[in-house]
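The sequence shown begins at 0 in numbering that gives the first Met the number 0 and counts up one residue at a time.
Think of the hints as simulated: they come from the structure by calculation, not from any bench.
A hint or two may mislead.
What the hints assert, rightly or not - FRET-style restraints, in silico, Cβ to Cβ:
1. D262 / R57: 41 to 51 Å
2. T194 / N253: 19 to 29 Å
3. E74 / Q174: 43 to 53 Å
4. Q97 / P166: 17 to 27 Å
5. G80 / P166: 41 to 51 Å
6. D262 / E15: 42 to 52 Å
7. E15 / Q174: 36 to 46 Å
8. G70 / L24: 14 to 24 Å
9. K152 / D262: 17 to 27 Å
10. D262 / V112: 28 to 38 Å
11. T167 / E43: 33 to 43 Å
Said to hold, decoys possible - With a cut-off of at most 30 Å between alpha-carbon atoms, the simulated DSS-like pairs for lysine-lysine come out as follows:
12. K257 / K233
13. K257 / K171
14. K170 / K256
15. K170 / K152
16. K152 / K171
17. K133 / K55
18. K171 / K237
19. K170 / K233
20. K257 / K170
21. K7 / K109
22. K140 / K7
23. K160 / K98
24. K237 / K96
25. K140 / K98
26. K160 / K233
27. K98 / K55
28. K257 / K160
29. K256 / K237
30. K160 / K96
31. K55 / K233
32. K256 / K233
33. K58 / K109
34. K160 / K171
35. K55 / K140
36. K152 / K256
37. K58 / K133
38. K160 / K256
39. K152 / K140
40. K170 / K160
We put the CB at the ideal spot given by N, CA and C, even for glycine.
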Amino acid sequence: MDIAVTAKLVRGWVEEAGQLLRESLSNTSIVVEEKSHPSDLVTEMDRSIEAFYVEKIRKEFPTHQIIGEEGSYGEVDNMDGYVWIIDPIDGTLNYVKQKRNFCSMIALYKDGVGIFSFINDVINEDIYYAIKGKGAYCNDKQLENVTTYPLGKGLVALNTKMVMLKPTLSKKIIQEALGVRLIGSAGLEMVQVITNRVSAYVTTPLNFWDVAPGIMIASELGLKCSRTDNSPIKMLEKNPIVIANENTHQDIINIMKKTSNIDV
Numbered sequence: 000m001d002i003a004v005t006a007k008l009v010r011g012w013v014e015e016a017g018q019l020l021r022e023s024l025s026n027t028s029i030v031v032e033e034k035s036h037p038s039d040l041v042t043e044m045d046r047s048i049e050a051f052y053v054e055k056i057r058k059e060f061p062t063h064q065i066i067g068e069e070g071s072y073g074e075v076d077n078m079d080g081y082v083w084i085i086d087p088i089d090g091t092l093n094y095v096k097q098k099r100n101f102c103s104m105i106a107l108y109k110d111g112v113g114i115f116s117f118i119n120d121v122i123n124e125d126i127y128y129a130i131k132g133k134g135a136y137c138n139d140k141q142l143e144n145v146t147t148y149p150l151g152k153g154l155v156a157l158n159t160k161m162v163m164l165k166p167t168l169s170k171k172i173i174q175e176a177l178g179v180r181l182i183g184s185a186g187l188e189m190v191q192v193i194t195n196r197v198s199a200y201v202t203t204p205l206n207f208w209d210v211a212p213g214i215m216i217a218s219e220l221g222l223k224c225s226r227t228d229n230s231p232i233k234m235l236e237k238n239p240i241v242i243a244n245e246n247t248h249q250d251i252i253n254i255m256k257k258t259s260n261i262d263v
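When you get a sec, could you build the whole thing from the sequences and use the hints?
Have a look at this one:
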């Protein structure tokens with residue numbers, strides 16, 4: 000596989016999917032269903048965009064494994080060989096209620112290592128992507144490696160469940176930082192870290208498709224990604240994660256260690 004050629008092909012898919020999503024926002028009859036609870040939604044566009052990507056992958060790369068949030072494409076119990084990871088709409092609740100603050104993500108891993116990754120900030124028409132060893136970009140502008148500074152010098156992003164389920168721990172992190180920001184899309188919150196707008200993103204366990212695209216891009220920019228106990232991210236599992244510049248990451252891990260029995 001020529002990675003550069005394949006990445007260019009996939010970027011075309013990403014642009015097309017983004018256009019389909021923007022057009023869908025004028026459709027007042029989109030079918031919305033609840034999954035595990037009222038704020039965990041799935042729409043016909045989640046399924047449609049995932050099917051769009053799957054059709055493209057199966058046509059071009061029929062032997063590759065596929066992991067998608069909304070579908071089942073054969074049992075994937077390892078990261079051997081090429082594995083595609085798709086989150087068609089990350090931030091579906093925002094898509095439905097706000098019609099903004101959502102993204103569409105796709106990544107390709109080989110033997111557990113990210114090869115390339117795309118996060119499409121659909122409404123702003125900004126495509127963030129990285130190719131292993133070639134850096135990270137927003138559209139065609141290369142992103143600089145993030146600066147390193149302590150937790151107390153920056154903003155942090157937390158997911159809603161972090162604040163709800165671990166309020167004391169969340170408060171300690173927020174008190175050390177300059178402030179907190181919540182968007183409701185893991186992909187876009189990771190973009191905030193990738194672009195140095197916030198210094199860290201801290202979450203309760205998220206599915207692998209929620210974080211795999213962002214982790215791949217972050218790795219190209221020198222960011223530190225780990226589980227909240229500072230162990231490596233576990234492929235194909237839910238992970239509570241910390242993604243941050245190196246100094247901020249260490250500060251958050253230190254808080255986690257000191258308060259490991261809080262909010263349990």
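Hints violated by the structure (listed by number, smallest first): none
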